[in-house]
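Enquirer: Sequence:
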Amino acid sequence: MAQCADIIIIGGGIIGNAAAYYLAKKGCSVIVLEKSDHIGNGGSSRNGGGVRQSGRDKRELPLAMYGAKHLWPFLSEELGMDVEYYQKGNLRLGKTEGHMKILKDLADNASSLGLDVRMIDREEAKSICSYLSDEVVGASWCPTDGHANPMLATLAYYKKARELGVKFITGEEVIGIRKIKGKAREVITSEDHYEAETIILSAGYDSRKIAATVGIDVPMTQALLEVLVTEAQPPMFYQMLGTAMADFYGHQSTHGSFVFGGSSGFEGVNKDNGTPVTNSLTASCICRGIMKYFPCLADAKIVRTWAGWIDVCADHVPVISRVEEVPGLILACGFSGHGFGIAPAAGTLLSQIAMGEDTVLDVSSFRYDRFKAKL
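So for the sequence shown, the numbering used here puts the first residue at 11; every next one is plus one.
Warning: the hint list may mix true and false statements.
[Claimed, not checked] Taking lysine-lysine pairs in the PhoX-like style, the calculated list, with each CA pair at most 25 Å apart, reads: (1) 219 to 191; (2) 45 to 177; (3) 302 to 98; (4) 79 to 111; (5) 98 to 136; (6) 79 to 68; (7) 45 to 79; (8) 68 to 114; (9) 177 to 36; (10) 382 to 193; (11) 193 to 219; (12) 35 to 169; (13) 170 to 45; (14) 302 to 111; (15) 136 to 302; (16) 45 to 219; (17) 79 to 169; (18) 68 to 111; (19) 136 to 35; (20) 79 to 36; (21) 219 to 177; (22) 114 to 136; (23) 177 to 193.
If you're looking for bench data, these hints aren't it; they were derived computationally from the structure.
Go ahead and model the full structure; you've got the sequences and the hints to work with.
Expert: Below you can see the structure in the form of structure tokens.
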């Protein structure tokens, strides 16, 4: 006999865990299925921890703004665990006129939707962060951006969801979804099968092949991003950092170490057989970029690096949507490396969609059918 619940969530990352928590708060029975032996073993534990609003697509920005105002500042208290959230602002740095034009365009887009983000010159940037290189000519500044600890935030949602009765099953790969009388009803795994009124598919890039078992395709590709961690440094600055050209992004953690992400452009040469392994070229490329902006970190030792896959949607905006062709199925995928910061908002919206409630934000821009050919 199938194991049953009101809702099955495929994918044990932070978005799946957040949705499970918010649904359990509403009194739903929930099963979360994760193919790895470990919760959050994908992008949720392998990202730079940014909780940013600046630099986002206009469609995605309302989710980030809602989370920064209503969810992230209270998350540690609500979940009963410190997620190391800092709301100290975001400096996106530029060194040339070309960089400043890129940053101004991004800032103008965001400010047109009500975000407090503005351009600042070198002197003001240095008043915020005195460690900046003299090569920096200016920056965009968003004082309400921040960062958090991805592993702790994912774990906090997981633990609280379990306290509320959510059942987590790890080490079982989902093989497919089965329709009964035209409705998504069963989830088939390598070990068992499960049944629910509603199925939320939030399994990163794996969502594409799972959705294909009911004839649905989401145009996604897979990309590898890498992160490095330095040894602990004295408290220096806790802003979220980035650049116009995305040379690197990162922040200083509660522990004192700096966490920086980036890429070298040579990730394709890895012969990794699908395992997200780091490339020997990437850390040095990221470090060269960092030292141009923060020469004070030139002698900081790297203690570890890691890599993770992201699910890149064709238009770089996620799909958060019911699927009309497959009643009972909700998609939550294609977050394109932006998912961590909007996870609390996405989890909130998924719980409301699953319960048939009015959503706190307009989700029409995230509909699955936006990729259909217009007749």
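Enquirer: Is the hinted pair residue 79 and residue 36 satisfied, with a Cα-Cα distance of at most 25 Å?
Expert: holds, 22 Å
Enquirer: Please verify whether residue 45 and residue 219 have alpha carbons no more than 25 Å apart.
Expert: holds, 14 Å
Enquirer: For the pair supplied as a hint, residue 68 and residue 114, confirm whether the alpha-carbon distance does not exceed 25 Å.
Expert: Judged against 25 Å, a Cα distance of about 15 Å means the pair holds.
Enquirer: Would the hint linking residue 136 and residue 302 be met if the CA-CA limit is 25 Å?
Expert: Status holds; Cα separation ~15 Å.
Enquirer: For the pair we were handed, residue 136 and residue 35, check the Cα-Cα distance against 25 Å.
Expert: violated, 45 Å
Enquirer: Is residue 68 within 25 Å of residue 111, Cα to Cα?
Expert: The given pair, whose Cα atoms are some 18 Å apart, holds under the 25 Å limit.
Enquirer: Need the status of pair residue 219, residue 191: alpha-carbon distance at most 25 Å?
Expert: holds, 22 Å
Enquirer: Is it true that the CA of residue 177 sits at most 25 Å from the CA of residue 193?
Expert: The hint holds at about 23 Å.
Enquirer: Taking only the CA atoms, is the gap from residue 45 to residue 177 under or equal to 25 Å?
Expert: holds, 14 Å
Enquirer: Has the given pair, residue 170 with residue 45, been kept, meaning a C-alpha gap of at most 25 Å?
Expert: Given pair residue 170, residue 45 holds - Cα atoms ~21 Å apart, limit 25 Å.
Enquirer: Mind checking the alpha carbons of residue 219 and residue 177 for me, to see if they're no more than 25 Å apart?
Expert: Cα-Cα ~24 Å, so holds.
Enquirer: Given the hint that residue 45 pairs with residue 79, test it: the Cα-Cα distance must not exceed 25 Å.
Expert: violated, 33 Å
In summary, the structure is inconsistent with hints 4, 7 and 19 from the numbered list given earlier, while agreeing with the others.
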